[in-house]
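Colleague: Residue numbers (the numbering used here), protein chains in the order written: chain F, 1 to 267; chain A, 1 to 312.
Think of the hints as simulated: they come from the structure by calculation, not from any bench.
Remember, predicted model here, so these are calculated numbers, not experimental data.
By construction, the Cβ of each residue, glycine as well, lies at the ideal position given by its N, Cα and C atoms.
Careful, some of the hints might be misleading.
As the list claims (entries may be wrong) - Some chain A residues well away from chain F (every beta-carbon gap over 12 Å; in silico):
hint: 1; residue: 45
hint: 2; residue: 48
hint: 3; residue: 69
hint: 4; residue: 141
hint: 5; residue: 215
hint: 6; residue: 219
hint: 7; residue: 303
To be verified - Across the chosen pairs, the derived CB separations fall in these ranges:
hint: 8; chain 1: A; residue 1: 208; chain 2: F; residue 2: 100; range: 32 to 40 Å
hint: 9; chain 1: A; residue 1: 84; chain 2: F; residue 2: 184; range: 36 to 44 Å
hint: 10; chain 1: A; residue 1: 114; chain 2: F; residue 2: 27; range: 33 to 41 Å
hint: 11; chain 1: F; residue 1: 181; chain 2: A; residue 2: 201; range: 18 to 26 Å
hint: 12; chain 1: F; residue 1: 181; chain 2: A; residue 2: 6; range: 33 to 41 Å
hint: 13; chain 1: A; residue 1: 42; chain 2: F; residue 2: 38; range: 49 to 57 Å
hint: 14; chain 1: A; residue 1: 73; chain 2: F; residue 2: 184; range: 41 to 49 Å
hint: 15; chain 1: A; residue 1: 21; chain 2: F; residue 2: 91; range: 41 to 49 Å
hint: 16; chain 1: F; residue 1: 184; chain 2: A; residue 2: 42; range: 32 to 40 Å
hint: 17; chain 1: F; residue 1: 100; chain 2: A; residue 2: 154; range: 40 to 48 Å
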Amino acid sequence: MGIGAVLTAIFAAAALVSLLWVPHDVTRLDVSQRLLAPSAAHPLGTDHFGRDMLSMLMEGARTSIAVALVAVGIGVAVGVPLGLWAAAKRGGWVDELIMRGNDLIFAFPSLVIAILITAVFGPSALNAILAIGIFNIPVFARVARGGALPLWTLDYVMAARVAGKGRARISAEHILPNIANLLIVQATIQFSLGILAEAALSYLGLGAQPPTASWGRMLADAQTMIYTEPQLAILPGLAIVGMVLGLNLLGDGLRDALDPRLRRRAL
Amino acid sequence: MLRAALSRALSLLLSLAVASLVIFLMLQAVPGDPAAFMLGLNAAPDTVAALRAELGLEGGLVARYLDWVGGMLAGDLGTSYTYRVPVAELVAERITVSGPLALYALALTVIIAVPVGLLAASRRGGPADWGVMGATQLGIAIPNFWFGMLLVLVFAVTLRWVPAGGFPGWSDPLAALRSLTLPAVALALPQASILARVLRSALLDTLDRDYIRTARAKGLSRRAVVIRHGLRNAAIPVLTILGLQLSFLIAGVVVIENVFFLPGLGRLIFQGITQRDLIVVQSVTMLLVFTVICVSFLVEIAYAAADPRLRA
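Build the full structure now, drawing on both the sequences and the hints.
Modeller: Here is the structure:
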């Protein structure tokens, strides 16, 4: 968990810093500075347009994190209320409808549909967010419902109902705080999946558009030069792996830390 | 039993109907008229109208939807705008690349994951277990298309063992398999990492059970217990994941075919998108979704075979 938190923090810091400052402006192309080896001025060298690789990677971190974070936000904002609602009306038609709809979205190959969405509505970071976010909704609905169902049978929920609280209020005041752990762990997992999905979409040219830097796009650009300039393909890939690995380790660690039952056999 | 089977079949049909509707409606939202797009800016209006009729773009939304679905049920996927040949012909040609690729990757996934998962579970807490857990954690974090590029760098550019991309066709099966090997490995590695972890934890769950202790007590060897009792009981979570993985593999094919320049269904969709050949995109996407939905249906049925408790 420690390693995961550190890795995640490094990339988050890089993304935050890039909002205010990057070593070099990546929108300015300077062909005379192209394909430079690492130096004091360019710690990771430059690409085929003379853009500073470190600056590109920092901005790429920002793009990836922004897309994945908002996509997770969509999943939480829509999915969690749906899941809570389904649990509150357990067995009713609302529950049935929500769960059936979830099964349906699960049945779709998400990346294919995401490709379709971004292709139809035009490639952009916003459409990538929507395409990834839609598939987060059923995940959070399922986790919220699964976590909420057993809570509805507990005494304190019964007490709240006797006290005259409605289902919505009980869900918000008593159920939600008690499933927060589950949701945080799931959010970490979806975050890392979002980073991978964003990388795949922007690799296909369907994510953030130039001049916005993105890791997937950098890989796509580097592919044609892989014979001569392999480092251009290696650095963005390492960034993706580092970020995803960090989030996965963090998620595993959080799950073990937040669930006392798992602490015993943590690995 | 019969009722359960019927309700499953009904939900399969419903899923397929909704899926086709979603895909159809989504492509209706595409701006621009494909007929006008194909003929260019200077086309005469009546030429455009004639082409629209030929492409089946006339008529109301409902009529066109029914036309499309009815055609697909009869094996007619429409006619490609750009190639001017039936989409079914294009699919039949391309599926000979994508189908074997997905199955090759699935086979590699299982071949890698099962021994690795077994090893980790039978050496719980030992160095082998730690090694497997670390390696699979890394495997999950690696995007398949980047792994594909790394494989090209090592095995095609540096070692020159295999071609960096392209597909020679099945006339020489050995050469065809060689050119599918790197893409299949790239697709399989992340999936094998996931599957190995699932198998390990499912096995550890079952190995804690009383009946395992009973089997050991009556004198069965550790290996026999793991294989005969452990694997069978770990099959359900493994099957669940395997079903999901086929869906990931099918989506992954779209990306990986672009890395290795393979003329498969993924590149067909992709070309359809860039050339605004919407009927190709629509029909091929539906075909992929159809495959995924049918596979999850089959996996559900496979559960019943693996777990007698679910048969009721």
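Colleague: Of all the hints numbered above, which does this structure not satisfy? Sort the numbers upward.
Modeller: Result: hints 4, 9, 10, 15, 16 break, sorted rising.
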